[in-house]
Structure formats: structure tokens, C-alpha cells
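Chains as they are written, first to last, in the numbering used here: chain A, 1 to 208; chain B, 209 to 588.
Treat the hints with care, as some may be off.
[What the hints assert, rightly or not] Reference excerpt, derived from the structure (chain B facing chain A, CB under 10 Å, subset only):
1. Gln394
2. Glu467
3. Leu520
4. Arg540
5. Leu542
6. Asn543
7. Val573
8. Leu574
[Claimed, not checked] Between beta-carbon pairs, the in silico distance windows are:
9. A:Leu164 - B:Glu353: 47 to 57 Å
10. B:Lys448 - A:Leu164: 30 to 40 Å
11. B:Lys448 - A:Glu173: 56 to 66 Å
12. B:Ile555 - A:Gly169: 35 to 45 Å
13. A:Glu149 - B:Ala457: 14 to 24 Å
14. B:Gln404 - A:Met146: 53 to 63 Å
15. B:Ile555 - A:Arg106: 42 to 52 Å
16. A:Arg206 - B:Leu565: 17 to 27 Å
17. A:Thr44 - B:Asp377: 27 to 37 Å
18. B:Val422 - A:Ala79: 49 to 59 Å
19. A:Glu149 - B:Gly514: 41 to 51 Å
20. A:Gln100 - B:Glu353: 42 to 52 Å
21. A:Thr76 - B:Ile555: 15 to 25 Å
FYI, nobody ran anything at the bench for these hints, they're computed from the structure. We put the beta carbon where it would ideally sit given N, CA and C, even for glycine.
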Amino acid sequence: MNQMTRPRSMRVDLALIAGMIAPGARVLDIGCSDGTLIEHLFRTKQCDARGLELDMAAVTQAVTHGLPVMQGDADTDLATYPDGAFDYVVLSRTLQAVEQPRAVLRQMLRIGTHAIVSFPNFGHWRLRLQLLTTGRMPMTKTWHRMWFETPNIHPCTIKDFFALCAADGYRVEEWLAADDEGARAPWRRSPALANLFGEQGLFLLRKF
Amino acid sequence: MDNSPNFAETEHQAVTFADGLALDCGRILASLTVAYRAYGTLNAARSNAILICHALTGDQYVAEENPVTGKPGWWDRLVGPGRPVDTDRFFVLCSNVLGGCMGTTGPRTAHDERPGEPWGTDFPAVTIADMVRAQKRLVAHLGIEKLFAVVGGSMGGMQVLAWAALYPDAVFAAVPVAAAAYHSAQNIAFHEIGRQAIAADPAFHGGRYWAAGVTPERGLAVARMTAHITYVSEAALTRKFGRKLQDAAELSSLGDRFEVESYLQYQGSSFVRRFDANSYLTITRAMDLFDLAAPHEGVLAKAFAGTRTRFLLVSFSSDWLFPTAQSRAIARALNQVAANVSFVEIISDKGHDAFLLDEPDFHLVLKGFIAGCAEHAGLT
Numbered sequence: 001m002n003q004m005t006r007p008r009s010m011r012v013d014l015a016l017i018a019g020m021i022a023p024g025a026r027v028l029d030i031g032c033s034d035g036t037l038i039e040h041l042f043r044t045k046q047c048d049a050r051g052l053e054l055d056m057a058a059v060t061q062a063v064t065h066g067l068p069v070m071q072g073d074a075d076t077d078l079a080t081y082p083d084g085a086f087d088y089v090v091l092s093r094t095l096q097a098v099e100q101p102r103a104v105l106r107q108m109l110r111i112g113t114h115a116i117v118s119f120p121n122f123g124h125w126r127l128r129l130q131l132l133t134t135g136r137m138p139m140t141k142t143w144h145r146m147w148f149e150t151p152n153i154h155p156c157t158i159k160d161f162f163a164l165c166a167a168d169g170y171r172v173e174e175w176l177a178a179d180d181e182g183a184r185a186p187w188r189r190s191p192a193l194a195n196l197f198g199e200q201g202l203f204l205l206r207k208f
Numbered sequence: 209m210d211n212s213p214n215f216a217e218t219e220h221q222a223v224t225f226a227d228g229l230a231l232d233c234g235r236i237l238a239s240l241t242v243a244y245r246a247y248g249t250l251n252a253a254r255s256n257a258i259l260i261c262h263a264l265t266g267d268q269y270v271a272e273e274n275p276v277t278g279k280p281g282w283w284d285r286l287v288g289p290g291r292p293v294d295t296d297r298f299f300v301l302c303s304n305v306l307g308g309c310m311g312t313t314g315p316r317t318a319h320d321e322r323p324g325e326p327w328g329t330d331f332p333a334v335t336i337a338d339m340v341r342a343q344k345r346l347v348a349h350l351g352i353e354k355l356f357a358v359v360g361g362s363m364g365g366m367q368v369l370a371w372a373a374l375y376p377d378a379v380f381a382a383v384p385v386a387a388a389a390y391h392s393a394q395n396i397a398f399h400e401i402g403r404q405a406i407a408a409d410p411a412f413h414g415g416r417y418w419a420a421g422v423t424p425e426r427g428l429a430v431a432r433m434t435a436h437i438t439y440v441s442e443a444a445l446t447r448k449f450g451r452k453l454q455d456a457a458e459l460s461s462l463g464d465r466f467e468v469e470s471y472l473q474y475q476g477s478s479f480v481r482r483f484d485a486n487s488y489l490t491i492t493r494a495m496d497l498f499d500l501a502a503p504h505e506g507v508l509a510k511a512f513a514g515t516r517t518r519f520l521l522v523s524f525s526s527d528w529l530f531p532t533a534q535s536r537a538i539a540r541a542l543n544q545v546a547a548n549v550s551f552v553e554i555i556s557d558k559g560h561d562a563f564l565l566d567e568p569d570f571h572l573v574l575k576g577f578i579a580g581c582a583e584h585a586g587l588t
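This is chain A alone, in the form it adopts within the complex (with noise of 0.2 Å):
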């Protein structure tokens, strides 16, 4: 098989990030699995396109793939790079894993002119339910792992993030919420509704 050339699908909610990435662009990818955001903007943008993950498996098969991707962890190796060495930082469905995510979108937005950052959101309707009926950690297809195993150790609401962005100087410059599958979700005016409603957060920020 031709590694070079084997089709791969992209989970939609990399392509609403994709959507935000102008073509040509400097990005880094943090938490890039194998790489598929990464080979997308290569392919479909001409950006220089790099991914930093954690799971060494991940790593290699990304590497053997032919794209650039570093083994390491969030939490210590974004203060290697320099400042604004980046157009746009991602950190897709990994904020919420982090030791420190405060530093983190800290150091994204000092090596990136922009961060784009997903997570799947906290507030949402089903887990506010479940939490109020059955009095136990709330298990769905998104937070599906006990709490005792879960690599999720700081959750969010899409209104908590708000809120940090406010506190630590940060420009929403375009949010959405999405459903589980990605697929943008009608809630663009409201973030009240958005986080009642919304599975995933997807924001691109700035500093002011």
C-alpha cells in the first residue's frame, strides 16, 4: 500500500477548524494523533503544517506517514518554541486533558498570532440532567470513561471558557458550537443556548 497516497477521512469537526486557517499559514497542531488535520492543510492549504502528540503510537504512525510531527507533552514543550513562531496553534478535544490548561492556551496564544481550541463541552444538556437526576458523574458517547479513568481531568462549559478568555485578555474572534459528530449546531447567537444544547466548543481567539 502507498502510505503517501491512502485516502483518509477527517472527523468534521477538523474540518470546521480547517475552515478557520487561511492558506499558507504556519500552524501547529497540538494533541495531532496521526496527523490527519495536519496532512489536510498541507494538501488542501499549502500551510507549514507541524503536530506535537503525546501518544508515541500516534507519533510514528504519523512519521511514517511523512508528516512532521514531534513526540511531547503539552503541558512542558510549548515553552520551547519562540514567541509568535505560529499563525494559528490548534488544540482539538485536548484542552480538557491537560495538567495546566491555563498555561497551555497561555503559551498557544504567545507562540501563535491566533489559537484555535475545541473541547467537548460540559454544560450540555444531558449531562446537567443526568447529573441532577441520578446524583453520579454523567457517562455519554462524548464522556464516556468512570471518573476514576478518565484522562478528561479538567472539564469545561462552553460559558466557563468564555469567561477565562474574558479573564486572561483573549478576542473571540469566531466561536460555534457543535454536535457530537461535529457538525456545527445552531446556537451562533446565543452562548446561553449554545451551552445548553452545543456537545463540542470550537473557538478561534487572539489576544487583545
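Following the hints, complete the assembly by docking chain B onto the known chain A.
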């Protein structure tokens, strides 16, 4: 010990540069010979050349039978038709390092000022950068302005790093494998045991063993045995030998041995038939002197400032001679200058030697990296 195969008599393909080479130590070699092997075809644009850099005791016979040992090329798993470094697609070069003993100028070749005598211990101290400058001469001689890639493991990886630092515009992609940006105190310490063993051999004759018509085989063998331990992991030694005895049910006489002892002795005795003691002293010292950050106020990132080279760093999990932390430090230094860097640690229990052995993940990663770079370089 068997003295019959005399590697001194083997002829090597080589090119001589009559204008010599200025060395880091300030001395000048009046004449420089570089022995090399080439595989594949250089394309019309001269843009498909890959230079392979060999390790301490390696040589230019990377992908064919070695004329001295009769063994397959030391990286023939990686270099050849259809291999990760594909000689059907790329023009692959490998040269014997400066200070080596397989045809390139070194302690065994003729002294600049004393015709009829080899350099011996008079050979100047050389550095990894000197080795790279000698390779650059060869590359230029072949009409190649820019190498598509430079690939090497261990000391070969040091050369790759030096290439990227010295000639950033002449290296499109760089692959230092199981390497480090400097030789650590522990590495230097192990080398010193080897050098002391050679010097303590009565046959060494202060380095003029060639004049006495002997070779310091005992000392060189002990040096190799010590070094070999550093190339393998404890787990690999246990897996291969454990506490098994060689041809004996128990250790009843002093002559009885563990298998691991017998194995090490074999490693030592086969080595002395193919390597020159003064070369060993020269090259181990060159490795000890290596510290890529030293000319840059100790800041490694500065060695790569502004680089546009694409890097792949590979380490092996059980390598304690050039541990993963060393490769990671290089990756982070490259991050500091926003370089394009891929970094993979391969899980293996084979220690430092893993870079020479059958490690499918390593080979797949290298193949993929080269394919990706070829696409970016516009090589079809």
C-alpha cells in the same frame, strides 16, 4: 590470534584533494584523501543525493559486502533498492571518516612530511566538524551543491548535526539517529578505558607499533569489549545470554566461562582484524571533543538559528549511551528556532545498537520521513 587477513592490503575507491584540509586544531593536512562508495544514479538536477554518515567503527561499505570482513553492508537493511533509503530513487553516498582506517586520510595513511611512514600518533587531533568538512569536499567534487538528506546514527548522527549546523543551506533534510549534541562525561569515561587499554598493551610501542610490525591486539580487543557493553542493554544481554555457561555444566575450572564472556571475547578478537588502534584513538577523541553548543555560548538552539532544514530525530528507549533525553534536548533546541522537526522514540530492548538492527518501526518512520521530504523538495 589470527593475523592472516591483512586489511592494510585492501584497495578502496577514493579521491585525493591536493590542496589538503585546514583542521579545527589549527594544523593543516597537506593532502586529503577521502575514500567513499556511491550507489544509485545522480539525477540531472543533482538534487537526489543522500549522504550516509557512519559511526565510530563503521566504514563506507554501507550497502554491499565489506571487502575486509566479508560481511553484508552495515546498514544494508536500510540502504538499497526498495529499502527506506532507496538506491533506485536516490544517489547514496558514504565516505570513510577523516581519521579512519579504510582509505581516508588518517593515522594509517602516509605522513605529510615523512615519506614511507604512516602518520601514526602524529596524526593531528580531528573533530566531527573536520570530518564533515572532508565530506563536503567529496560532495562538491561530485558536483552536488545541496544534499537532499544526510542520515547517520551514533557518531554518524553527530556528523548529521554538524552538517546541519555548518552547511544549513546544503542540507534539505537531516536525520540524526541515536545521537547527541555533545559527548557526555559518562561517554568520555568509557572511551578513556578503551584508550588506556590500548596504551597499556606492550605491543602498542607508544603508538609506533607499525614500526615494530605488530598490532596492540590485546588492548584494542579490550577497548572493543568495553565499548560493546555500552552498545547493548542489560535486558538484551539477559535475553541473549542470561547466566548460561559456555560448553560446561558448572564453573569447575578457571577456564570455564559464561556465554557472555565468550561473546565479548569474540567481539574483541574480530574487531582487531579490521581496525587500526591509532584510528580508534583518533576517532574516539573526536567524539569526546564534540559539543555542538560550545561555539554558541552553550546555547544549542543558536547552532541552528534560521535553519530551513527538515529534521527527523530518532532515539531508542533502551539506549543508555545516547539516551532519548539527548535527542529530546536537540528537538527542543530546534523548536526554539521554529525548525521543522519530527521526533520519535522507538521502543526497543536492544540498546544503542538498535540503530543498526532490525527495528521495523524505525525503518518505516525513516521511509515515511524521506518520502514526505521528497514531496516537499519536489523530487518525483
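Outcome of the hint check:
1. For Gln394 of chain B, the interface hint is violated, the least distance from its beta-carbon to any beta-carbon of chain A being 24 Å, above 10 Å.
2. Interface hint at Glu467 of chain B: violated, since its Cβ lies 33 Å from the closest Cβ of chain A, which is beyond the 10 Å cut-off.
3. Below 10 Å, beta-carbon pairs count as interface contacts, and Leu520 of chain B has one with chain A at about 7 Å; its hint therefore holds.
4. Below 10 Å, beta-carbon pairs count as interface contacts, and Arg540 of chain B has one with chain A at about 4 Å; its hint therefore holds.
5. The closest approach between the C-beta of Leu542 of chain B and any C-beta of chain A is roughly 9 Å, which is under the 10 Å cut-off, so the hint is satisfied.
6. At its closest, the beta carbon of Asn543 of chain B sits 4 Å from a beta carbon of chain A; the interface hint therefore holds under the 10 Å criterion.
7. Interface hint status for Val573 of chain B: upheld, as the beta-carbon distance to the closest one in chain A is roughly 5 Å, under 10 Å.
8. Hint status for Leu574 of chain B relative to chain A: holds, with the closest Cβ pair at about 9 Å, below 10 Å.
9. Taking 47 to 57 Å as the suggested C-beta distance range, the pair Leu164 of chain A and Glu353 of chain B conforms, at roughly 51 Å.
10. A beta carbon spacing of about 55 Å between Lys448 of chain B and Leu164 of chain A contradicts the range 30 to 40 Å that was offered as a hint.
11. The supplied range of 56 to 66 Å is met by Lys448 of chain B and Glu173 of chain A, whose beta-carbon atoms lie about 59 Å from each other.
12. Checking the proposed 35 to 45 Å range against Ile555 of chain B and Gly169 of chain A shows it holds: the Cβ atoms sit about 42 Å from each other.
13. Taking 14 to 24 Å as the suggested C-beta distance range, the pair Glu149 of chain A and Ala457 of chain B does not conform, at roughly 51 Å.
14. The hinted range of 53 to 63 Å is satisfied by Gln404 of chain B and Met146 of chain A, whose Cβ atoms lie roughly 59 Å apart.
15. A C-beta distance of roughly 33 Å is found between Ile555 of chain B and Arg106 of chain A, which places it outside the suggested range of 42 to 52 Å.
16. Take Arg206 of chain A and Leu565 of chain B: their Cβ atoms lie about 49 Å apart, and the range 17 to 27 Å is violated.
17. A hinted range of 27 to 37 Å holds for the C-beta pair Thr44 of chain A and Asp377 of chain B, which are about 30 Å apart.
18. Distance hint check for Val422 of chain B and Ala79 of chain A: the Cβ-Cβ separation is about 57 Å, which falls inside the suggested range of 49 to 59 Å.
19. Remark: the range hint 41 to 51 Å for Glu149 of chain A to Gly514 of chain B is upheld by a beta-carbon distance near 46 Å.
20. As the Cβ distance of Gln100 of chain A to Glu353 of chain B is approximately 47 Å, the hint placing it in 42 to 52 Å holds.
21. In this structure the supplied range 15 to 25 Å holds for Thr76 of chain A paired with Ile555 of chain B, their Cβ-Cβ distance being about 21 Å.
Violated hints, in rising order: 1, 2, 10, 13, 15 and 16; the structure is consistent with all others.
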